[in-house]
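Turn these sequences into a full structure, and let the hints guide you.
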Amino acid sequence: MRRDRRGFTFIEMLIVMIVLGVLASLATLKYIDLRHRAVSAEAIADLQAVRLAAYSAWYETGNWPVETGAGTVPPGLTPYLSGGFSFSKPTYTLDWENFLPPNGGPSAGMQLGVVLTSSNARLTTALAQSLGNKSPFFVIGGNLTFVIVGADGRL
Numbered sequence: 001m002r003r004d005r006r007g008f009t010f011i012e013m014l015i016v017m018i019v020l021g022v023l024a025s026l027a028t029l030k031y032i033d034l035r036h037r038a039v040s041a042e043a044i045a046d047l048q049a050v051r052l053a054a055y056s057a058w059y060e061t062g063n064w065p066v067e068t069g070a071g072t073v074p075p076g077l078t079p080y081l082s083g084g085f086s087f088s089k090p091t092y093t094l095d096w097e098n099f100l101p102p103n104g105g106p107s108a109g110m111q112l113g114v115v116l117t118s119s120n121a122r123l124t125t126a127l128a129q130s131l132g133n134k135s136p137f138f139v140i141g142g143n144l145t146f147v148i149v150g151a152d153g154r155l
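Numbering (the working numbering), first residue to last: 1 to 155.
Any given hint could be a false lead.
[Stated by the list, open to error] Simulated pairs of lysine-lysine, DSSO-like, Cα-Cα distance not exceeding 27 Å:
{"id": "1", "residue 1": "K89", "residue 2": "K30"}
{"id": "2", "residue 1": "K134", "residue 2": "K30"}
{"id": "3", "residue 1": "K89", "residue 2": "K134"}
Rather than coming from a laboratory, the hints here were simulated on the basis of the structure. These figures come from a predicted structure and were not determined experimentally.
Okay, here's the thing in structure tokens:
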């Protein structure tokens, strides 16, 4: 007596499920990487917008905007940033830093910059890779500091 075989064996189904699981995990990792790249592109655009707003403020007023707390847009930059621009984003926070010495001259590290703080270390790494050697920056822990005016006072 011969039996008609009309389905898949358990082993065949198991192998298919394993292959699908591996492909799904690879796709998930790639999606996470692409999302970090997209957020880092947004962050770079924000850093550049703040830099240009700071240069505009300095050009028009002769003064750099004063120091503010993390997540707060400095009042001196508000007229030069697009409406609704925020220093507090869901994945990172920007902090305007103004370390200008009272009588001018050099300072330690930098004089003006924007500190980007994120709790996601992979995002900070993706951001540093995206910036590459295009702009002066340094990374300490989970913070990336985008330098606008260096320690020597040069733009």
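Within a Cα-Cα threshold of 27 Å, do K134 and K30 meet the stated pairing? Given pair K134, K30 holds - Cα atoms ~25 Å apart, limit 27 Å.
K89 and K30 were given as a pair; does the straight-line alpha-carbon distance stay at or below 27 Å? Holds, at roughly 23 Å.
When you check the alpha-carbon spacing of K89 and K134, does it fall within 27 Å? holds, 23 Å
Every hint, counting from the list given before, is met by this structure.
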